[in-house]
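Novice: Residues per chain, in single letters:
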Amino acid sequence: MATAQAPLAPADFIRIATSIEAEVGKVIVGQDDVVRGILTCVLAGGHALLEGVPGLGKTMLVRTLSDVLDLSFSRVQFTPDLMPADITGTNVISEEGAGRGFQFQPGPLFANLVLADEINRATPKTQSALLEAMQEQRVTVAKTSYALERPFFVMATQNPIEMEGTYPLPEAQLDRFLFKLTVTFPSEEDLMTIAERTTGSRPPRAQPIADGATVMAMMDLAREVPIARPVLSYAVRLVTRTHPDKPEASEAVKRYVRYGASPRGLQSLVLGAKIRAILEGRFNVAFEDLKAVALPSLRHRVILNFEADAEGITADRIISDVLLATREE
Amino acid sequence: MVGRIVKLQTIATWTVRLLAFGLVLDAIWLAGARFFPYSVPMPALPAVPLALAALGALVISFWRPSMAHLARLTDRQLGFKERLTTAVELHTAATGPEARPLPPLAGFQLSDALNHLRRVEPLEAFPIRLRLREVNAALAASLVVVALAVLPNAMQQTVRQREQVQQAVKLEAERLTKAADQVAAANAENPSDELQGIEQALREGAKALEHRSASSEESLAALAALEQRLQALRGQNGEDLQDALAQLAGSMAQDPATRQAGTSLAKGDYQQAASEMRRISEQLDSMSQAERQRLARSMRQAGQRASRSNPALGQSMQQAANAIEQGSGGEAQGAMDQAASQLEQSAGQLRASGERDRALAQAQQSRSQIARSSQQGQAQQGRNQQGRGQQGQAQQGQAQQGQGQGQGQGESGDESGGQGQGHGQGQPGQGQGQGQPGQGGNNGGEGEQPGGSGAGSGSKPGSDAIYDPGFAAARQERIDSGQPFEPTDASQNPQLEDAQQNDARVSYSQVYAQYQEQAVQNTQNAYIPIGLKDLVKDYFSSIQPGQSGGAQPAQEPAR
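Chains Y and V, in that order, give the protein sequences. The first sequence finishes on residue 355 if you use the working numbering, and the numbering steps up by one all the way, no holes. The second sequence finishes on residue 931 if you use the working numbering, and the numbering steps up by one all the way, no holes.
Please keep in mind that the hints were generated in silico from the structure rather than gathered at the bench. Bear in mind that the values here come from a model prediction, so they are computed numbers and not experimental data. Note that the Cβ used here is the ideal one computed from N, Cα and C, for glycine as well. One thing to keep in mind: the hints can contain errors.
[Claimed, not checked] A short, non-exhaustive set of chain V residues, derived as facing chain Y with CB atoms under 7 Å:
hint	residue
1	K453
2	L462
3	Q481
4	D627
5	A629
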């Protein structure tokens with residue numbers, strides 16, 4: 027458990043956050059939005075789901091982040107035969123003193139930063155084993171609950187669902203992720219930089235910038251960013267309008283959306299906007315902050331119907347429509 | 373400072389908006405006047421938008437924008453990213469009635485917001501400018517209003533007609549009231565139930581006119597009801613009594629002794645006549661026997677003639693004659709006094725009858741005036757529509773022929789109403805034209821000749837008869853004397869000369885049926901003695917086309 031630290035000054039927050047981004051940027055070329063999104067998730071105390079085709083550096087990004095944050099790190103490669111006990115831990119018989127007894131052997135979840143690599147390759151049963159850990163930050167094995175060390179972050183990567191051998195994450199599982207970040211293919215310029223950096227004799231290596239206590243202090247400070255009522259009202263309206271049964275929903279939402287964003291979506295939206303505001307050097311949430319984090323906050327919470335699948339309508343497009351249709355005031 | 377600027381900007385914006393809204397209302401008002409018969413007072417057109425704009429500016433001047441509103445406005449205008457909005461909320465939360473501790477970042481936030489606000493010059497940040505959308509809307513609406521106000525409106529004729537009718541009805545209501553006052557004055561001098569009934573009928577008729585001034589038909593119906601009511605009050609006694617007194621006056625005027633009484637009676641001065649009879653009775657004793665006999669004969673003769681119409685008066689006159697003839701001085705004097713009293717009593721009855729006749733005449737005159745006013749309006753409207761149609765035809769023909777054409781048409785504002793029209797076409801040096809006889813018009817008015825280089829002329833149908841009510845009486849004298857009526861005599865009426873000189877004419881046969889029908893209709897609707905109705909019928913029979921002595925058109929017009 028990270029030790030408590032004195033309240034952080036806003037300037038320090040900005041300085042540290044900027045340093046983290048810069049340090050990660052030494053290893054990860056391009057993907058600035060993804061890096062910002064990951065950092066936002068960390069500072070918000072949430073979990074991130076990174077989606078992208080294999081080979082785009084998703085695992086490398088999380089690993090680099092763990093290096094920069096100087097946190098305990100574990101990686102779980104999800105496969106179809108992975109069992110829940112493989113990630114939560116299990117009781118094993120051990121020789122202790124006078125006799126034998128069961129002793130809990132912690133799984134890879136017992137780390138500050140857990141990389142759930144290719145999470146959609148595991149069966150839903152195993153995927154759901156993460157639910158309690160992500161929400162309650164504890165693990166229950168054989169009727170015994172074990173608290174996870176704070177800060178606790180799950181950074182999951184997944185391949186697009188269209189790829190073979192993947193299992194779509196359950197909605198309840200998806201809802202636990204603060205952001206769903208889409209990792210796109212880098213530009214040619216970024217590819218050249220990647221090639222130069224990674225094929226040399228001395229590949230770049232990130233240095234630790236902050237420890238767990240600093241991250242906790244940054245998390246506390248980020249939550250203090252005030253948000254005005256009109257801005258909060260706008261966030262609420264954004265979430266409300268993703269629901270097809272609401273009268274104010276747009277035609278696209280009514281036609282293509284099966285379920286709208288949950289209240290967790292609103293929490294993600296506001297929390298992400300607060301982090302973004304302070305990272306931008308502002309001490310209040312603006313409308314543009316909400317707009318900037320609307321896609322990663324809501325895209326995995328808006329469940330589309332079959333008609334949308336058939337017509338190739340994505341959640342991103344629906345959310346963009348909602349953003350266009352919702353007036354700020 | 374920002375608040376004042378925002379208020380000024382709001383006033384400017386809403387003033388233009390309300391101006392545009394007022395102009396739209398004007399446009400709707402004017403457009404409605406093209407479909408419904410009401411008039412739009414031109415001075416009120418600018419008053420509506422100006423009043424709305426002034427009212428809006430006044431209301432906004434009392435409006436005090438809240439700090440939160442100003443903050444949101446400033447954030448949006450200056451791109452402060454909700455700094456001021458948040459700062460105002462934090463400040464309100466810290467200083468309001470339910471003050472709560474501020475979050476740790478609140479101080480930074482307030483400081484940040486103030487720093488941003490200090491960098492701004494209010495007048496530069498909030499330049500007072502009119503929004504283009506509202507200005508364009510106001511301009512477009514004003515153009516529509518001007519177009520609607522300037523373009524001719526056919527419905528205005530209907531409105532004018534209504535106004536004329538209303539004015540006429542109002543005037544006639546006043547006249548009826550005045551007539552009722554006169555009857556009331558007469559009733560005050562010599563009270564009678566009959567006068568009171570006449571006064572009441574007149575007042576109720578005037579009241580009905582005032583209430584029904586919107587419709588000529590209703591007013592005419594009210595006046596017809598009044599006439600019927602007055603007719604019901606009119607009995608046979610009145611005419612009989614008048615005949616009796618007239619005969620009495622004639623008889624008495626033949627004798628020198630009673631001539632003065634007869635003259636007064638003929639003049640309608642019944643009091644004087646009664647006084648003269650009393651004077652004669654006082655002088656009976658000084659009269660010779662021959663004079664007494666002559667007086668008795670005259671009185672008996674007068675009594676006999678009066679008894680046919682008024683037995684009571686005739687009997688009293690004959691009793692006086694018998695008393696004079698028998699030579700009984702006191703008895704004769706008493707009989708003469710009784711005859712004088714009977715004469716005064718009859719005069720009182722006659723006065724009531726006269727008042728009733730006057731009231732009836734007034735009601736008839738009022739009905740006639742209102743009906744004429746209504747017909748004038750309809751005729752004017754019809755002429756305008758006809759004129760527009762002819763002008764359209766002429767312009768079409770002009771485009772097809774490609775030759776110079778001229779056309780003149782006009783209208784007369786005279787009460788008799790009329791229309792003259794003509795059409796000419798040709799080339800320079802070679803003029804030809806056609807025309808129609810003028811149709812009841814006193815003056816053809818002015819005409820337009822758009823783009824015509826040719827000269828047009830029409831034949832002048834001077835021999836066509838044009839009906840003139842004032843001319844009918846003179847013509848009747850000729851009919852009575854057996855002389856055939858010559859339509860050329862119409863030119864003796866100076867009012868018709870202008871119409872005859874006008875190039876615009878319609879055929880005689882066309883107008884004959886129209887005027888005959890109108891005249892017959894009027895004789896049926898209005899109260900006209902039977903003899904005069906026949907006079908009208910005879911007149912139209914005498915001028916019927918195709919009959920000998922009737923008017924014949926000199927030349928049928930070519931259209």
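Novice: Which hints, by number, does the structure contradict?
Specialist: 4 and 5
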